[in-house]
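Trainee: The lines below spell out each chain.
2 protein chains.
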Amino acid sequence: MPTYKAPTREQKFLLHEVLELSRFSELDSFKEADPEMIDAILEESAKFAEEVLTPLNRVGDEHGCVRNDDGSVTTPPGFHEAFTQMRENGWMGLSADPKYGGQGLPGILGMACGEMTSSANMAFTMYPGLTGGASKAISIGGSDTQKDLYLPKMYTGEWTGTMNLTESHCGTDLGLLKTKAVPQKDGTYKITGEKIFISAGDHEMSDNIIHLVLARIEGGPEGVKGISLFIVPKFKVDADGNVGETNGVTCGSLEEKMGIHGNSTCVMNFDDAVGELIGVEHKGLRVMFVMMNEARMGVGMQGLCQSEVSYQNAVIYANDRLQGRSLTGVKNEAGPADPIIVHPDVRRMLMDARAFNEGGRAFLYWLALQEDLEKHSPDEKVRERADDFLGLMTPVIKGYLTDKGFENCVNAQQVYGGHGYIEEWGMSQFVRDARIAQIYEGTNGIQALDLVGRKLARNGGRALMSVSAEIDAFVKENEGDENLKPFMDGLADAKNKLQTGTMWLMQNGMSNPDNAGAGSVDYMHMMGLAMLSYMWARMAKVAQAKIDAGTDDPFYADKIITGKYFVARMLPQIDAHLAKLQSGAEPVMALAADRF
Amino acid sequence: MPTYKAPTREQKFLLHEVLELSRFSELDSFKEADPEMIDAILEESAKFAEEVLTPLNRVGDEHGCVRNDDGSVTTPPGFHEAFTQMRENGWMGLSADPKYGGQGLPGILGMACGEMTSSANMAFTMYPGLTGGASKAISIGGSDTQKDLYLPKMYTGEWTGTMNLTESHCGTDLGLLKTKAVPQKDGTYKITGEKIFISAGDHEMSDNIIHLVLARIEGGPEGVKGISLFIVPKFKVDADGNVGETNGVTCGSLEEKMGIHGNSTCVMNFDDAVGELIGVEHKGLRVMFVMMNEARMGVGMQGLCQSEVSYQNAVIYANDRLQGRSLTGVKNEAGPADPIIVHPDVRRMLMDARAFNEGGRAFLYWLALQEDLEKHSPDEKVRERADDFLGLMTPVIKGYLTDKGFENCVNAQQVYGGHGYIEEWGMSQFVRDARIAQIYEGTNGIQALDLVGRKLARNGGRALMSVSAEIDAFVKENEGDENLKPFMDGLADAKNKLQTGTMWLMQNGMSNPDNAGAGSVDYMHMMGLAMLSYMWARMAKVAQAKIDAGTDDPFYADKIITGKYFVARMLPQIDAHLAKLQSGAEPVMALAADRF
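Chains A and B, in that order, are what the protein sequence lines are.
Residue 719 in our numbering is what sits at position 554 of the first sequence, and the numbering runs on without skipping anything.
Residue 354 in our numbering is what sits at position 189 of the second sequence, and the numbering runs on without skipping anything.
Please note that the accuracy of each hint is not assured.
Given that identical chains are not distinguished, each listed pair holds provided it fits within a single copy or across any two copies.
To be verified - Simulated pairs of lysine to aspartate or glutamate, EDC-like, Cα-Cα distance not exceeding 16 Å:
1) Lys662 <-> Asp740
2) Lys170 <-> Asp718
3) Lys496 <-> Asp759
4) Lys650 <-> Glu441
5) Lys345 <-> Glu332
Just so you know, these hints were derived from the structure itself, not from any lab.
Note that the structure is predicted; figures quoted are calculated from it, not measured.
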């Protein structure tokens, strides 16, 4: 049975030492979040993740969800109780708006807690995760009445939420959607259509489920210009928030998936269900996109989470499993063989994951902090800059962290040899669960296209210029420090290569947009590598300062070792990405479609 | 439901035009195999794979195998009938020794047929595959009596076979194995122990199952020097080959695996089972290693197969699925959206797979041909050279083809978006099935270690020098041809980088063997890339000659396009591997084992 130990030491290092949250203690959501409180919350969340959610992860995979004869859906054994506990302990409203009953703590702290629950049990954490997405949409686009009615109960978890976008013939291309909304005299709409792949679509864990549904109002414009967003509760709700009769929303069937079996992925049927419009008619996608940006950060986190938990288990196995002898002489005289962690290739797989996990977590938390700054900073310049970073980096977080996260799960499974392929050991589940994160909330190819086709050029490329300037200044500031030289050299090199790639895209994407499309995924990975270089350089600086000051905590020396591994063994990948990118669209597009 | 169309056009191109089998028509096994016969066999095998085995692939995944209350094992519905058909049509003995009832056709032809059945149904094809492995071991190490008794019935498939190596505490490190063999007065042995992960370990499809079992003879030397190989039939066999009573061999349980559900992976219990020694006491591993080399080529093939079949389905989906519009303008005016094959990033994934499949198939068939030459050539020099190539390249075929094959399955699944994650579409199965090929028959890390630690240096590095000389000559011979320039430049560059990597390993692996270990997987991939460059250059040469001669078959122009894609977009990866390799063991080994 796989285990999970929340990486609170790593988290504290990032929050307190690298990102220095105490710098922001004047900001609204940070006022109460002093270091002691942050640490206490992390420890509590760790306990819940380790003790309650971790043991349910295999259970969820094995049992899956069940659609009963009456059409209702039951989650795996133990899920309901765990959800009640999560709810009652107030975890769902941790960084939600206090105006609607949230605790108003920083989003970055919510992200840290989410990391723990999602590492422990990805399928479970999607129930509160989707609720967060749905409440986000209401908070962005809803009226005051809607916010008053729905948000408080969603922040406590009494009600959960879902996002209903996809139909069988339309995923990425929402302009094709057919679900229709017919206006009623009382200002509501009747919603009819079928949605697929609806995570947490139905279950027994909450008193109501608030579906956010994209639909086309009858007679509205075709394509993406005629899509509106509706609130469609499972049970009708009166003005006082009392739950009433059912509302023409049913789960038609459960999808049989490769993984995340513990989450109920439903085909949802809407049959004249009563819906309330959110915001303006035909402008539903605006709200949806803002919400989706946040959801994408959550999916990037899932990539990191599965990488972290599978790494932890692979380390345990590599230290336990005796097989063969070290190439440099026996290491375990007393045993019949050495633990496989002595073998360089096993190390390579573990170090790849470790260097990614620590660097990726820094990148993720750094971006989560931008969201807090964008919301709460009194300084308009800071807010603008944070918003720039969020726009540019969200697709990278989503695409890069999930691609590499999956790869690391596969490697962690590989460490187990044949046992990794047997379900009982749990490594297969990590691989199967992690796989979805590369696909949903916009496939990673879509993320890359969003990056090169939209985000990169926004405001004249201001966001990337801003990151580059920050990196340049950081390199310059530290160029005298001999101990940091490998990190600064690696970072400067990565930044230059990213710049070369950017220039190439700008020069060649105009004449032929397929040049940008063909290099988009490579470019996204280049930016991921460059940002991890930056994060590693920042972490190394903090660690080196501690070492210079004479710390005897080996944590800091390990940090330097792991960072050097990143620079030596992972960063070289950026050259291959650049070469592929620069080869352009021609080789990719040359074969006629009917000759494949 | 996924489909499969056997790539007979590709196969004929390789066999007739690139490898020119007609050159070998004087050799024993090639005498009868004239082009017409080869083509007829390919077409028959294609029909069997497409019509009989393909529809059973999902069935096998869904139903899996069942262990009945009496301990017997039943394969999925339809498997038994298909196996009977395969058997009766003589497919199992296609390239087996005519002396024991085989048809004596070239091994490369058997490989081509095996590719088709394994693409159509990997789990099914493992039953005949394992039988081939077991009969191979008997043919290498068995006495004439044993060969006479077992081989004919295994070549017809009346009896099947298995390989029993792994125990729960020992996979790679066979020296640790505990299964014991107690000598009996009549010259037989009583075998007792538990083996795990035994593919095709028990089932109802054949009259007997011939287990090849590694065990330690009581009182023999410890470690790998005391391991012997035994024949242990499921049912005892008399001197005339009559099947008698059961023999103390039972399936204790079936493993619950990530994939290949249609194959019965058994825990096998041996309880005083009667076994016959193969070859010499304590020298069992010799026979096993010869056999394993061949089995590893078969596993490499599985990587290619799953890549091929998942690619084919992704192409169909990419041409069918309408979503979004081309970046360069609408391509499907009549439809609501363009087929997703217009999108460069979808193309990238398809072309990656295509260029790998065609290059990988050439590499695999080239190596299969070496095996035929090694067996049948009257020229000692040719045999020696073929044996060199087999030794050096087998771990590359196994490791590189399965690593990349898996990656391509993941990409093909990605082309399907959310539908790829739903089991019904079948793409998940390709990923789950392909995953095992990176693990079994020696993990890919073990393949890489075998390559750099053993095969590379054998006979003073003669094998690699020989390949390099062949490549140099080929490049020189074609350097005047402007049309082939990208291929020759790519090949020369790849060869030089491989050489640089080899030199680095030689110079640094002596002082610290961990330097070789840390770079071994990168080196294996470099060699894979270099060999695919060579194969692409050879295929391009043939195709270009046809084009120069005025062919109007678009097959040849497509070949050039696909090959150019390989050079432009896949080969650059070799630089990243070289850089990682050259960073050496230090970054990999620096972290203390207890600090992970």
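Trainee: All the hints need checking, so say for each whether the structure fits it.
Mentor: Hint by hint, here is what the structure shows:
In this assembly of identical chains, the alpha carbons of Lys662 and Asp740 lie at most 16 Å apart whether taken from the same copy (8 Å) or from different copies (15 Å). For a Cα distance limit of 16 Å, the shortest separation of Lys170 from Asp718 qualifies neither inside one copy, at 20 Å, nor across copies, at 61 Å. In this assembly of identical chains, Lys496 and Asp759 lie within 16 Å of each other by CA distance solely across copies; the values are 13 Å between and 58 Å within a copy. Taking the shortest alpha-carbon separations for Lys650 and Glu441, neither the intra-copy value of 58 Å nor the inter-copy value of 65 Å comes in at or below 16 Å.
With identical chains, the CA atoms of Lys345 and Glu332 are at most 16 Å apart within one copy only, with a shortest distance of 12 Å there and 60 Å across copies.
Hint check: violations occur at hints 2 and 4; the rest are consistent with the structure.
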